[in-house]
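Protein chains in written order, with UniProt numbering: chain A, 1 to 337; chain B, 1 to 337.
Treat the hints as calculated values from the structure; they're not laboratory data.
Positions of the beta carbon are idealized from the N, C-alpha and C atoms, including for glycine.
Treat the hints loosely; a few may be bogus.
Where chain B lies over chain A, by a calculated footprint (3+ residues, C-beta under 8 angstroms) [unchecked claim]:
| id | segment |
| --- | --- |
| 1 | 37-50 |
| 2 | 53-63 |
| 3 | 109-118 |
Each pair of labels, with its calculated beta carbon distance range [stated by the list, open to error]:
| id | chain 1 | residue 1 | chain 2 | residue 2 | range |
| --- | --- | --- | --- | --- | --- |
| 4 | A | 118 | B | 47 | 24 to 34 angstroms |
| 5 | A | 260 | B | 47 | 49 to 59 angstroms |
| 6 | B | 154 | A | 324 | 42 to 52 angstroms |
| 7 | A | 100 | B | 111 | 17 to 27 angstroms |
| 8 | B | 45 | A | 209 | 47 to 57 angstroms |
| 9 | B | 256 | A | 4 | 38 to 48 angstroms |
| 10 | B | 5 | A | 308 | 40 to 50 angstroms |
Number of protein chains: 2
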Amino acid sequence: MKSDIIILGHGSGGKLSHQLLDDVIIPRLSGLPQRDQNDAAVLTHGGRRLAFTTDSYVVDPIFFPGGDIGDLAVNGTVNDLAMSGARPLYLSVGLILEEGLPIVDLERILDSMKSAAAAAGVTIVAGDTKVVPRGKADKIFINTAGIGVFDHDFDIRGSGARIGDKILVNGAIGDHGMAVLAGREGLDLHSEIKSDTAPLHELVAELIAGIGTGLHVLRDPTRGGVATTLKEIALQSNVDLTLDETALPVNEAVRGACAILGLDPLYVANEGKLLALVAPEAAEDALALMQRHPTGKGAAIIGEVSDASTGRVYLRTAIGGLRAVEMLAGEQLPRIC
Amino acid sequence: MKSDIIILGHGSGGKLSHQLLDDVIIPRLSGLPQRDQNDAAVLTHGGRRLAFTTDSYVVDPIFFPGGDIGDLAVNGTVNDLAMSGARPLYLSVGLILEEGLPIVDLERILDSMKSAAAAAGVTIVAGDTKVVPRGKADKIFINTAGIGVFDHDFDIRGSGARIGDKILVNGAIGDHGMAVLAGREGLDLHSEIKSDTAPLHELVAELIAGIGTGLHVLRDPTRGGVATTLKEIALQSNVDLTLDETALPVNEAVRGACAILGLDPLYVANEGKLLALVAPEAAEDALALMQRHPTGKGAAIIGEVSDASTGRVYLRTAIGGLRAVEMLAGEQLPRIC
Ligand SMILES: Nc1ncnc2c1ncn2[C@@H]1O[C@H](COP(=O)(O)OP(=O)(O)OP(=O)(O)O)[C@@H](O)[C@H]1O
Ligand SMILES: Nc1ncnc2c1ncn2[C@@H]1O[C@H](COP(=O)(O)OP(=O)(O)OP(=O)(O)O)[C@@H](O)[C@H]1O
Ligand SMILES: [Mg+2]
Ligand SMILES: [Mg+2]
Ligand SMILES: [Mg+2]
Ligand SMILES: [Mg+2]
Ligand SMILES: [Mg+2]
Ligand SMILES: [Mg+2]
């Protein structure tokens with residue numbers, strides 16, 4: 001039965017998020033079919049293409065191992081632009097501040113946005129600042145919207161997967177989600193777990209320069225994790241995907257923490273990872289190219305597009321079984337980004 | 001003494017907002033001098049200009065006489081694009097939903113965004129939806145960012161005021177703020193007060209077509225009201241402005257409610273009003289043109305740019321005195337937009 005109120009799962013990025021988007025939000029706002037729901041919109045202006053995207057950040061806690069809500073808000077929008085194949089250029093920043101937020105905390109967050117913007121080569125050109133009374137928000141929420149431009153003519157999109165494509169990831173999965181969890185009061189996880197928050201536009205530029213039209217799909221596996229994102233791609237492209245469990249890079253500490261908490265790293269959020277679906281003949285080049293890049297050292301080929309067209313995703317387990325992979329159900333980690 | 005925590009006044013749009021922006025936010029984010037802090041940023045892409053802006057909406061209550069948080073969020077961003085002289089084209093929508101929000105309320109708000117977008121001729125092309133636990137937000141917060149294009153080469157900006165310019169407003173002031181106040185629980189103001197929320201891009205297009213380079217400055221007097229906005233323009237252009245108290249259009253009900261509550265309509269927020277500073281020889285044409293337009297029926301010439309350059313604003317009172325007008329101090333009406 002469907003809920004008649006908003007529940008936390010509607011923000012999971014998984015199954016319930018998709019239901020809310022498909023049934024309630026998208027028909028009223030963008031009207032875009034799922035096929036075209038990409039990380040960024042591609043617009044045409046004066047014969048040239050522009051990318052446009054937005055994300056709001058409500059992460060709790062606002063400071064966590066490896067980052068804070070500020071660099072997250074910059075890198076996240078930079079990455080959604082990059083996933084469309086665009087070069088990120090301009091950001092807007094909408095701040096919602098809770099009365100009582102210490103100005104030093106705000107300064108620290110803004111400093112971290114400033115550094116992240118400089119590192120990603122984007123300029124903050126517009127903004128807005130609202131304040132709500134104590135208890136009507138939680139310290140700070142940040143929205144960023146971003147504009148990027150295209151230096152090439154390729155189409156990179158969720159519907160671009162083809163039979164035979166290889167699936168690559170640029171490094172170990174699950175770090176961001178587990179770092180945020182570790183940062184929460186009362187949870188004492190392995191201290192070595194750090195958020196992977198990082199801008200990925202340079203890695204994407206190298207992939208575009210290196211393999212060109214061999215690059216079919218890019219997506220950052222944020223809320224809902226790698227599993228949910230691959231399921232989205234399978235549905236958008238109407239292909240089946242098979243993942244190799246043994247090929248999935250997962251840091252030891254994350255694996256351990258997930259085991260203790262009963263979480264599956266495949267469903268844990270990342271903020272510095274991308275999934276790339278590339279033509280089979282380009283896969284080795286793409287892998288080598290990633291591994292040479294600072295944000296791709298841990299890259300791996302983790303699966304491929306099989307020859308069925310049912311929108312299913314399978315995991316080939318360590319012992320040789322085949323298990324269906326669905327989108328994240330429920331809400332395992334609220335306010336992860 | 002400066003506060004070391006965020007207080008409600010930091011969201012007023014007035015003096016404290018400006019202090020926070022100048023001291024803490026702008027130096028770290030955009031770095032723009034006050035002169036260049038306009039309603040929208042103007043970017044150049046492939047030799048053509050683009051406008052880019054953002055606002056977050058946290059209004060309480062979310063439904064109020066004359067509108068709701070949804071059409072407000074669309075019209076507000078449409079208007080900030082229009083104030084730069086751009087034609088609004090694309091919006092992004094970032095939703096932050098509180099757990100427990102009735103889906104019917106969400107639907108009503110989204111329907112109202114849909115209608116407002118259609119009425120303003122803008123397309124929602126990207127979005128994001130986050131959910132926070134009960135008590136960590138207040139029902140719904142909406143961020144919109146917008147992109148517009150320019151159909152002309154004129155520069156319309158806060159720093160463009162010239163000595164002798166006439167100041168026009170397109171109708172009665174203070175309606176939005178008083179309507180929201182009227183909508184708040186326990187307040188029983190005149191029921192005829194309705195928010196003026198409306199898109200102003202068509203009126204702006206008519207002004208541009210009608211008076212061209214005679215149009216120097218446009219700004220929508222939202223938070224902080226007409227007084228604060230004129231003070232911003234005076235500072236940006238380094239001119240003095242004089243307002244005629246008797247020329248200021250204020251609806252009777254708003255005037256009465258303001259008197260009862262000890263508020264000055266000059267400081268109350270508007271969401272369907274613009275201030276235009278135009279060359280003296282174009283003023284009568286601009287006025288006539290506004291009065292012919294549905295969103296300008298109540299237009300009036302309310303003052304002029306005098307020949308001093310000290311960034312001051314004066315009000316010529318009904319009895320002939322001259323009173324200095326400053327930005328809104330403190331926070332008279334929290335969460336007005
Ligand atoms: N967090 C921020 N980061 C960068 N620039 C900001 C930020 N907040 C406000 N600004 C800039 O300060 C200026 C004033 O912003 P403000 O939000 O008061 O304008 P507005 O949107 O026209 O008014 P309102 O928000 O009442 O509708 C704008 O140029 C805006 O881009
Ligand atoms: N409120 C909304 N209005 C219009 N479109 C939306 C809205 N929320 C999400 N979308 C669209 O749905 C798709 C999925 O959005 P989602 O936020 O899950 O992607 P993402 O930003 O890549 O992921 P994350 O938010 O976890 O970083 C995108 O195409 C997005 O534009
Ligand atoms: Mg994404
Ligand atoms: Mg995103
Ligand atoms: Mg604003
Ligand atoms: Mg404005
Ligand atoms: Mg505004
Ligand atoms: Mg998103």
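Checking against the hints above, which ones are violated?
Numbers 6, 7, 8, 10 - these are the hints that the structure violates, sorted from lowest upward.
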